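> What follows is the residue order along each chain.
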Amino acid sequence: MKGARPLLLVEDSPDDVMIIKRAMSDLRAADRMIHAPSAELALVYLRDAANEKPGLILLDLNLPGMSGTEFLQAVKADPSLVEIPVIVLTSSQERQDIVHSFDLRAVGYVVKPSTYAEALEALKIIDGYWSLNALPAGRR
Amino acid sequence: MRDSRPVLLVEDDNIDAMTVRRAFRDLKVGNPLVHVVNGEDALAFLQDEAHDKPCLILLDLNMPKMNGIEFLGITKADPRWKKVPVVVLTTSSEEQDVTESFRLSVAGYIVKPVDYRNFVEAVRTINLYWTLSEIPDHGVERINEGCQTITACGR
Numbered sequence: 003m004k005g006a007r008p009l010l011l012v013e014d015s016p017d018d019v020m021i022i023k024r025a026m027s028d029l030r031a032a033d034r035m036i037h038a039p040s041a042e043l044a045l046v047y048l049r050d051a052a053n054e055k056p057g058l059i060l061l062d063l064n065l066p067g068m069s070g071t072e073f074l075q076a077v078k079a080d081p082s083l084v085e086i087p088v089i090v091l092t093s094s095q096e097r098q099d100i101v102h103s104f105d106l107r108a109v110g111y112v113v114k115p116s117t118y119a120e121a122l123e124a125l126k127i128i129d130g131y132w133s134l135n136a137l138p139a140g141r142r
Numbered sequence: 068m069r070d071s072r073p074v075l076l077v078e079d080d081n082i083d084a085m086t087v088r089r090a091f092r093d094l095k096v097g098n099p100l101v102h103v104v105n106g107e108d109a110l111a112f113l114q115d116e117a118h119d120k121p122c123l124i125l126l127d128l129n130m131p132k133m134n135g136i137e138f139l140g141i142t143k144a145d146p147r148w149k150k151v152p153v154v155v156l157t158t159s160s161e162e163q164d165v166t167e168s169f170r171l172s173v174a175g176y177i178v179k180p181v182d183y184r185n186f187v188e189a190v191r192t193i194n195l196y197w198t199l200s201e202i203p204d205h206g207v208e209r210i211n212e213g214c215q216t217i218t219a220c221g222r
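From first to last, the protein sequence lines are chains A and B. Throughout the first sequence, residue numbering follows my numbering, covering 3 to 142 in sequence. Throughout the second sequence, residue numbering follows my numbering, covering 68 to 222 in sequence.
Chain A on its own, in the form it takes in the complex (with noise of 0.2 Å):
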């Protein structure tokens, strides 16, 4: 996403962290990424106050350890951290998933496209709609 800030992809399959990686570079988005594989050093990196803080999340549901769902749930009552916007990124299709994201604040939900085509066409929306947005300055 355009903007001074990174984005956080907090990703535990190699796979997908490097179609996201490949699609956002030929779409020239988000110069900085940085990745966590798991939801609790996605937190750790969050909670450190000499890290720079994402302007926007990119999370997957189903990680090992702590949930996605258990991670939107600790972002979002972190008072240092609520006003990141988090976007679902998964393969799960369940109502109950989606209901229960936007129930924890999430801002977005994208079941991940099976091609690469697709993941491209995909971020390209996602990358398209967020460099609209003004989004939060947020501390360091």
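Check before you lean on any hint, since a few could be wrong.
The list that follows gives simulated cross-link-like pairs (lysine-lysine, PhoX-like), each with its CA atoms no further than 20 Å apart [stated by the list, open to error]:
no., chain 1, residue 1, chain 2, residue 2
1, B, Lys-143, A, Lys-78
2, A, Lys-126, A, Lys-114
3, A, Lys-114, A, Lys-23
4, A, Lys-78, A, Lys-55
5, A, Lys-23, A, Lys-126
6, A, Lys-78, B, Lys-149
Footprint (simulated), chain A over chain B, 3 or more residues, beta carbon under 8 Å [what the hints assert, rightly or not]:
no., segment
7, 156-170
8, 185-195
These are computed hints drawn from the structure, not numbers from a lab. On a predicted model such as this, the values are computed, not experimentally measured, just so you know. No residue lacks a Cβ here, since even glycine has one placed at the ideal position from N, Cα and C.
With chain A held as given, fit chain B onto it using these hints.
For chain B alone, coordinates are given in the frame of chain A:
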């Protein structure tokens, strides 16, 4: 948008409301656009069970009677409405408004473009994103409430 439920536009400026309506028409967005002029009227619309719940709310911030931030404070604290995505569409680019809106869990904050072409482009981008993204429906919530009631009675 992803489903055919109405989009609720909360906007006191009639010219801006007309522009949104025109953009919906030009882009062939199929959702009905319901226009109310302030937060109070928006709440009244949501409270009336005869109306379909909107799939998305487009919210201006500076409005008489009940402004956008007050409206967010109420709807985002209410389990009936908190899930409905709200996109702020305003002339204000004040950092305080942006941060406060995201703290109140808006799903977007877009500063109104001045000319019509860019305005249409913004509406097109919003429509694309909310067609790609799932939007929560309200069926599950009702089922859950039903289950909870039964459990409570069982105890």
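> Each of the hints needs a verdict: does it hold here or not?
Hint by hint, here is what the structure shows:
{"no.": "1", "hint": "B:Lys-143 x A:Lys-78", "in the structure": "13 Å, holds"}
{"no.": "2", "hint": "A:Lys-126 x A:Lys-114", "in the structure": "13 Å, holds"}
{"no.": "3", "hint": "A:Lys-114 x A:Lys-23", "in the structure": "14 Å, holds"}
{"no.": "4", "hint": "A:Lys-78 x A:Lys-55", "in the structure": "14 Å, holds"}
{"no.": "5", "hint": "A:Lys-23 x A:Lys-126", "in the structure": "12 Å, holds"}
{"no.": "6", "hint": "A:Lys-78 x B:Lys-149", "in the structure": "14 Å, holds"}
{"no.": "7", "hint": "156-170", "in the structure": "holds (count 6)"}
{"no.": "8", "hint": "185-195", "in the structure": "holds (count 4)"}
Figure legend: structure checked against the earlier numbered hints; every hint is met.
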